[in-house]
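K.L.:
Sequence:
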Amino acid sequence: MRRLTVVQLLPALEAGGVERSTLEIAEALVRAGHRAIVVSAGGRLVAPLEARGARHVTLDIGRKSPVTLRHVPALRRLLREAGADIVHARSRLPAWLGWLALRGMRAARPHFVTTAHGLNSPSRYSAIMARGERVVCVSETVRDYLQQHYPATDPRRLVVIPRGIDPAAFPRAPLPDPAARARIAARHPQLGGRGPLLLLPGRGTRLKGHADAIALLADLRGSGLDARLWMPGAVQAGRAAYLAELAGLARVARVEAALAITEATADIAQAYAASDLVLQLSRKPEAFGRTVIEAHAVGRPVLGWAHGGVGELLRALQPQGAVAPFDQALLAATARRLLAQPQPPPAGTMQAFQLHAMQGATLALYQSLVGE
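By the count of numbering that gives the first Met the number 0, the sequence shown reaches residue 371 at its end, each step adding exactly one.
Hints are computed from structural coordinates only; laboratory data are not their basis. Glycine is no exception: its CB is placed at the ideal position from the N, C-alpha and C atoms. Incorrect hints may appear among the rest.
As the list claims (entries may be wrong) - Label-pair restraints from in silico Cβ distances: (1) 348 <-> 143: 13 to 23 Å; (2) 52 <-> 72: 19 to 29 Å; (3) 177 <-> 236: 57 to 67 Å; (4) 335 <-> 69: 18 to 28 Å.
Just need the whole structure built from these sequences, with the hints factored in.
P.N.:
What follows is the structure in C-alpha cells.
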C-alpha cells in the first residue's frame, strides 16, 4: 500500500461524535504510516490530535458567513503543498469549501470523500454531503435517508461504515454490579436502594426524551417497583429553564426523591455498569445511536424508541428493547418485562461495532480510491 496524505475537514475540535471520529481516523492513519492533517477552527481536542502524530491547520472553515469563502485559496494551497491524496469532509460548510478548493485544481487533484454523520434537513446546502466520490454513511438509516432525498446520487458511492467503540473503554460488567451502584449512590444518594436503576445519558434538550423517562419512572414506581433514574448530561450552562421544567414534571409525578439530574459524568462506562436498564428515548430519529453499543459492550440491555439509527441497532442487537415511538404504555410494559428477567446482551454481537473495524474499513476505502 502506498503512503497516503489525508486531509480531514470539520468546523472545530471541541467535543462531539464528529470530532471523536476525526481523531480516531487520524490515529489509525498515523499508526499505519500515513500522514494525517486536520483543518478546523481549533479547540480543546487539538492537543490530543497532535499527540497522536497528526498535524492541525487552523482555518475557520465552519463559520456560517460569506467571509468564510476567503479561506478557499488557502485551503487549495494547503492541499497542493501537502500533496493530499484524500480530502475527507465531515460537515456541510467545510465540505463546500473543500469542494470549491478542489474545483480549482487541475493536476493531481485529491479524491473527495464525505461522511454523513447526521440526518440533515434536505436542501441544496445539505446536498454537498452526497457529492463525495465516496459517501460514508454511519448507518443503514443514513444511507436510506440520502437515497430518499438525493435520488440522483449513485448508490454505489454510498458506503456504510458504522461508528465503532474501543471495547477496552467499556469493559463488560456483571449484571447487576453492586459495587458500581454503591459508588454512584455515594455521589447521588437518591440513586441508592435495591430497586432497579435506569440510566438516560444525554445533553439538556427536549430531543433526548427526558420527559418520557420521567413519565416511565413514575409508571414503574406507581406499580410498586422501587425504580430510580439518573440523567447525566442534562445539566448544562444556559439550560436553567429546561431544568426547571424537568424538575416541575418530577414534582407533579412525585418522583423527585428517586431522580438525579446531573452534569455529564466523566466515567460513563461506570454509569452503565451501575445501571440495570439504559434508555435511549430521542424524540427525533438519530443517525446512529452510540449509547446502544456502549451500553451493550458493558452488558446492559437498552430500551428505546424504534426509529432512526437507534431502532436499526436495536433490531440488530436486541429486538426486545425496541418500542414503537412515543407509545408510553408499551414503553412501561417493556421496561417491566426487561427488568423482571434481566439478561445481558450477548458479547459476540459487537464485532461490527468495534473501533478497529471502523478504522480499518475507512482506511481501506481511502486505498481503494487511490487505486482507482
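K.L.:
Look at each hint and say if it fits the structure.
P.N.:
For each hint, the structure was consulted:
1. The hint said 13 to 23 Å for the Cβ distance between residue 348 and residue 143, and at roughly 22 Å that hint holds.
2. For the hinted restraint 19 to 29 Å between residue 52 and residue 72, the CB-CB distance of approximately 28 Å keeps it satisfied.
3. The supplied range of 57 to 67 Å is broken by residue 177 and residue 236, whose beta-carbon atoms lie about 34 Å from each other.
4. Take residue 335 and residue 69: their Cβ atoms lie about 59 Å apart, and the range 18 to 28 Å is violated.
When each numbered hint is compared with the structure, violations occur for hints 3 and 4.
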